[in-house]
Amino acid sequence: MPRWCTYEVPVDSGLFSPVGLQPTAVFRLAFNGAGQWLGRNAISHRRLVSEHKTGFVIWSASFISDRPVSFFDADCLEMRVMGRVCGDGTQFACEGQVRGSFGTAAHVQATCVPLRLDGDAALSGVPARLCPEVMASFLPDEIEALPHRSPVPGLRAVVAREGTLLARHETQFTIHRHQCEVADQWFWPEAASLASGGREDLISAVADSVPTLRHALGTTVRRLDLLFNRPFFLFDQGVVVSTAHQWKGRLVFIHELVGTEDDQARALAIEQFAAAGASWN
Amino acid sequence: MKVQVNGALLRFTDYRRVITIAAPTVEAALTALADQYQPLRKVLFDREGKVRATHRIFLNGAPLERDELGSPAGDADSVDLLLAISGG
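Top to bottom, those sequences are chains Z and E.
Following this note's numbering, the numbering of the first sequence begins with 1 at its first residue and continues without gaps.
Following this note's numbering, the numbering of the second sequence begins with 282 at its first residue and continues without gaps.
Treat the hints with care, as some may be off.
[Unchecked claim] The calculated DSS-like cross-link candidates involving lysine-lysine, where the alpha carbons are at most 25 Å apart (straight line), are:
#	chain 1	residue 1	chain 2	residue 2
1	E	K331	Z	K53
2	E	K323	E	K283
3	E	K331	E	K283
4	Z	K53	E	K323
Keep in mind that the hints were calculated from the coordinates and are not lab data.
Given only the sequences and the hints, what does the whole structure look like? Please build it.
So, in structure tokens, the structure goes:
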């Protein structure tokens, strides 16, 4: 049986917006939980970096809302996190659940690629399999031969093909240090913040002509999928290229996070909302 | 030539983004840059004095392979230095 790490998180108002859990906050909790899982069951993240010269870079992440939850529903949330290795050691994946007396509020999933660090102060590295010593700390049930696959490329293609394009907008940004982690690259949950900011700017810009989009300001995101190509670093500039689509009773926002310098999409985010009057299924 | 330092490397150049270096080749410019900013030396070069594989180097926007770092470069040229990937 895979091992789970379960603990309580006191609720604070920053975990929520008026419409529900903040995906960025949940991703941060899940990443922290993955670190707890590693520390309890394998090796602490700090020792992994400093002693085994192994770091992680995010590759994909998902947030799925099971039910709307508000700040006023509970004093504490329960986090359950489980870690596993996929792709014969080429990925480390964690799954998380945010729960309370009301049931499960959200599921999260994040998959990282291990890096063999070069040993310099910039924590530079190249993708590599987890070393045998670290692999040995995982139970057989926590090791999968197949790699995790991101749903993002397929979902993007089907929405573009079958959905109706409603609007497009661009939002510029600069990565500042409060958005970064220890290697001066963006802390990956920021991608969720930048995507949601792109959506809010898009809706603000076009809602008078496409009023149905306002629904995506007043309801919680039901599903958010992220796929990462390359990180943004300190002071990198970029633009969120957002498109809004109607697809199967859903409002879908596709966000490309493009580096200004190289004009390359470094991450892709897809937010899904139930359209006004539609049920989520 | 002008060497542009990006992102995760900025803290090793006292947050100076564009640094003018007088050198005949890209490799010589990187060595001079590391002389000028000592904390950058161990980040940029490995123990054998070779540029680490984790860095990407561009001359006037074109990527340079490791065996092309001896390319001549002059005052009008621009070198971009960036870290491809890092991880904590």
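- Failing hints, ascending? none
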